[in-house]
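Trainee: Go by the hints and put chain B onto chain A.
First to last, the sequence lines map onto chains A and B. Residue numbers for the first sequence follow our numbering, so the first one is 1 and each next one is one higher. Residue numbers for the second sequence follow our numbering, so the first one is 1 and each next one is one higher.
Bear in mind the hints are in silico, worked out from the structure with no lab data behind them. It should be emphasised that the depicted structure is a prediction, and the values quoted were computed from it without experimental measurement. It is possible that some hints are incorrect.
Claimed, not checked - Below 27 Å or equal to it, Euclidean Cα-Cα: the simulated BS3-like pairs (lysine-lysine) are:
1) B:K51 - A:K307
2) A:K112 - B:K118
3) A:K86 - B:K40
4) B:K345 - B:K327
5) B:K118 - A:K85
6) A:K327 - A:K307
7) A:K51 - B:K42
8) A:K85 - B:K42
9) B:K281 - A:K86
10) A:K112 - B:K268
11) A:K334 - A:K402
12) A:K248 - A:K268
13) A:K268 - A:K327
14) B:K51 - A:K85
15) A:K327 - B:K327
16) A:K327 - A:K85
17) A:K200 - B:K118
18) B:K268 - A:K86
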Amino acid sequence: MAQIIVHPKTALVDVPLQIRVTGLLPSQLIMLQASLTDERGELFQSQVFYKADENGEVDLEHAGALGGDYVGIHPMGLFWSMKPKKMLSRLLKRDVINSPFLVHLSVYDITKPFSSSPDSLMASETVERWYSTPGVQRIQLKEGRVRGALFLPPGDGPFPGVIDLFGGIGGLVEFRASLLASHGFATLALAYFAYDDLPKNLDVIDIEYFEEAADILLRHPKVLGPSIGIVSVSRGAQIGMAMATFLKQVAATVCINGVFLAEQIVIKYRNEKFFSFSQHLERLRINELGLLAFYSALGNPQEEANKHGLLPVERAEGHILFIVGEKDYSVNSKIHAEQVMEQLRRHGKNNATLLSYPGAGHLIEPPYSPLCVASMNPFIPRPVLWGGETIPHAEAQEHSWKEILKFLRHHLTPTSISKL
Amino acid sequence: MVQLIVTPETALADEPICIRATGLNPFQVVTFTASLTDEKGKLFQSRAFYKANEAGNVALDQAAALGGDYVGVHPMGLFWSLKPVNPFRRLLKQDVMNSPFYIQLDIFDSLLLEDSPKIHPKASQMIERWFSGPGLQRIPVRNGRVRGAFFLPPGEGPFPGVIDLFGGIGGLIEFRASLLASHGFGVLALAYFAYEDLPRSLLEVDLEYFEEAANMLLHHPQIQRSGIGVISVCKGAEIGLAMAIHLEQVAATICINGTNAVHETPCKYRDLVISPIPHQKEYTQIHVSGALNFRRIKGDPRDEVNQQSVLPVEKARGHILFIVGEKDECLNSKAYAEQAMEQLKSHGRSNGTLLSYPGAGHLIEPPYSPLCFASWNPFLSRPFLWGGDIRSHAAAQEHSWREIQKFLRCHLAPSRSKL
Chain A
1 MAQIIVHPKT ALVDVPLQIR VTGLLPSQLI MLQASLTDER GELFQSQVFY
51 KADENGEVDL EHAGALGGDY VGIHPMGLFW SMKPKKMLSR LLKRDVINSP
101 FLVHLSVYDI TKPFSSSPDS LMASETVERW YSTPGVQRIQ LKEGRVRGAL
151 FLPPGDGPFP GVIDLFGGIG GLVEFRASLL ASHGFATLAL AYFAYDDLPK
201 NLDVIDIEYF EEAADILLRH PKVLGPSIGI VSVSRGAQIG MAMATFLKQV
251 AATVCINGVF LAEQIVIKYR NEKFFSFSQH LERLRINELG LLAFYSALGN
301 PQEEANKHGL LPVERAEGHI LFIVGEKDYS VNSKIHAEQV MEQLRRHGKN
351 NATLLSYPGA GHLIEPPYSP LCVASMNPFI PRPVLWGGET IPHAEAQEHS
401 WKEILKFLRH HLTPTSISKL
Chain B
1 MVQLIVTPET ALADEPICIR ATGLNPFQVV TFTASLTDEK GKLFQSRAFY
51 KANEAGNVAL DQAAALGGDY VGVHPMGLFW SLKPVNPFRR LLKQDVMNSP
101 FYIQLDIFDS LLLEDSPKIH PKASQMIERW FSGPGLQRIP VRNGRVRGAF
151 FLPPGEGPFP GVIDLFGGIG GLIEFRASLL ASHGFGVLAL AYFAYEDLPR
201 SLLEVDLEYF EEAANMLLHH PQIQRSGIGV ISVCKGAEIG LAMAIHLEQV
251 AATICINGTN AVHETPCKYR DLVISPIPHQ KEYTQIHVSG ALNFRRIKGD
301 PRDEVNQQSV LPVEKARGHI LFIVGEKDEC LNSKAYAEQA MEQLKSHGRS
351 NGTLLSYPGA GHLIEPPYSP LCFASWNPFL SRPFLWGGDI RSHAAAQEHS
401 WREIQKFLRC HLAPSRSKL
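Excised from the complex, chain A in its bound form (with noise of 0.2 Å):
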């Protein structure tokens, strides 16, 4: 009798998984299926075609897929391959403390795959995936200007501190920084708009507002100071270097496919302005599908015109890390990524390190997070090509992930920290 054996049946959501099939015919073709509902009522699933060995197993630690979702070995390619059923959608875990998400695991047999005949279901198991840990505190903060949520580790610490950033969609984003949390790091997921009293639209970034958070978030007696770390994205990742370059506070900060000029948009911190007419909007592109490309329509980092808008990052005292997709259709990440890199060697510094990924774009998010290559953002009238090819992206994803926690801890924890 056919039996899919998954361990471990609980875990966070980074953790990757051992998925056997017994108890088949030699030979026999299946199809693994992975589902997934959302908290908005959304289905993400995944197909994969595998044939069993002589001795009636599928274990995806060996095994190659013959095709579906993906093809080759990929133990956890059940959950990084999954798409929704409703294009366009994003799965993003908007409770992060009290509900896993449940994925279904089901073994089909198929004699014709996609035909209009229904499978035979042999065998199903459903696993939990946690975005935090037994013990993780969610703490809402609501003090002076800053707005957003702050997750602490279990136990006393005190706790290295991290700020966690996304970016142009607006609104708070928490399932990072709980997963941050998960791995010891006191995370603040910060706003900036689009949330709670915040303004509606980012007109301007104002690094003092990230200077309170920082100053609160350092303040709280369970981190240990006297610095902080940072994690960001996109836009998020903007802001992050603009933290870096004037926040003394900030002692380490991860930067993901970010644009580091101040493009159409004033970056302003004190009395301090940078500001670039960089964007040239005639240049968006649609491909195939309609979707659209901004890449082409941001300014270059290099150019002489742009260059009231270059963030004088030679003054960051901290470390930085840049992850780069190469294949980001939304920004030029890489080209801006390399520009800074540029920069700081010209000054004489040396406190950067840049991860460039072929293949992975836009969304590069904790490992075994499904591909997201396109959605909607509420303040673009299309929608947006994040880009990404599967099964780099996955890898980039797992890599990327294991490097940011190194990073964070090699850079915030007290032997570090008294280098500075």
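Mentor: Same frame as chain A, now just chain B:
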């Protein structure tokens, strides 16, 4: 005053037109859009952003689009980059005689990412794209077993006869036949399944059905007697190649993105039965868009076990033109065409030509047809991936259509002695 000048306003769908805008401010950024509502009420649109020159003009045959659905100098870009507003819809003219596609061309004096009821164009022009020329006749065919539509050019003739075959979606697709007939050929758009009283699904290919159609065409008083042509795509091209091999009536065959062996359905002619290479659907791949990619489900014709399914192309008497899109995601058409050419060469035959187009996808159609990258398929629950890079695909369509007509005129010329 802004003016949009389009010439000609009425034309065959495969004819290029001239589009110019005047009366703009020097160097201002403008948006050109094209909008078309098909016969099912579905909207297709394209847009491109241009900068006027110092005189306030934009001429699409000289100016380069800066962004939008295409970039660069492409006078017909607004046509071949049309996209359905709801993805995965295919643009396909059903009534090819009585109505054109109406396309509204608009120019806006700002950057417009999508239509807005508050923003009106500075100038508009409605144009007509016809799939049949004046005087063309359409005669429905229900003759013996044969089902289809016959398109006869105006005049006495006799005209070179051509059979037009489409692929695995079945039914009757007429637009290419009517366009080809508008260029002086007598064309029979031939259905072979999922049409009228023909079988609902394709369980076997009976070449005698196609021979009946070929004879019917040849015996028409206004069709040349010296041999017919076949223009065929996809599954139709597999059949077209089998016709070229087994039917002496066929003098010239165009195989667009087809196979060199019999796949999935047996092919029979009189008492010969060619068994097929079965599809292996477990090798289907799912594209990031969710569309199904069938490129790897066909077995390799070079495998020992598949030899009896390979079509003996060296036995074809007439000429064969293979047209291949190298970004075809439906099947590995380049490999199949190259194998067929190799087979001809190894038998000392030189009656084959291969035109291989980098960047072109599966659905290579007459010029200015929008690239259909993926579309819903009546037999599948998910969209189906055809592939292609927009710009290269458009260039391939323009080039191949000219080559197709040249090829047919050359090999169906009345002066040719009967094969």
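Trainee: Next step is simple, just say for each hint if it's right about the structure.
Mentor: Consistency of the hints with the structure:
1. B:K51 - A:K307: Distance of about 25 Å is within 27 Å: holds.
2. A:K112 - B:K118: violated (51 Å)
3. A:K86 - B:K40: holds (23 Å)
4. B:K345 - B:K327: With a Cα-Cα distance of about 25 Å, the restraint between B:K345 and B:K327 holds, given a limit of 27 Å.
5. B:K118 - A:K85: This hinted pair is violated, its Cα atoms lying about 33 Å apart.
6. A:K327 - A:K307: Roughly 26 Å separates the two Cα atoms, so the pair holds.
7. A:K51 - B:K42: violated (42 Å)
8. A:K85 - B:K42: Answer holds: A:K85 to B:K42 is near 22 Å, not above 27 Å.
9. B:K281 - A:K86: Within the cut-off at roughly 24 Å; holds.
10. A:K112 - B:K268: holds (25 Å)
11. A:K334 - A:K402: holds (20 Å)
12. A:K248 - A:K268: holds (16 Å)
13. A:K268 - A:K327: This hinted pair is violated, its Cα atoms lying about 30 Å apart.
14. B:K51 - A:K85: Violated, at roughly 40 Å.
15. A:K327 - B:K327: Between A:K327 and B:K327 the Cα gap is close to 19 Å, so the pair holds against 27 Å.
16. A:K327 - A:K85: Roughly 24 Å between the alpha carbons, so the hint for A:K327 and A:K85 holds.
17. A:K200 - B:K118: holds (23 Å)
18. B:K268 - A:K86: violated (43 Å)
Violation of the numbered hints given earlier is confined to hints 2, 5, 7, 13, 14 and 18; the remaining hints are satisfied by the structure.
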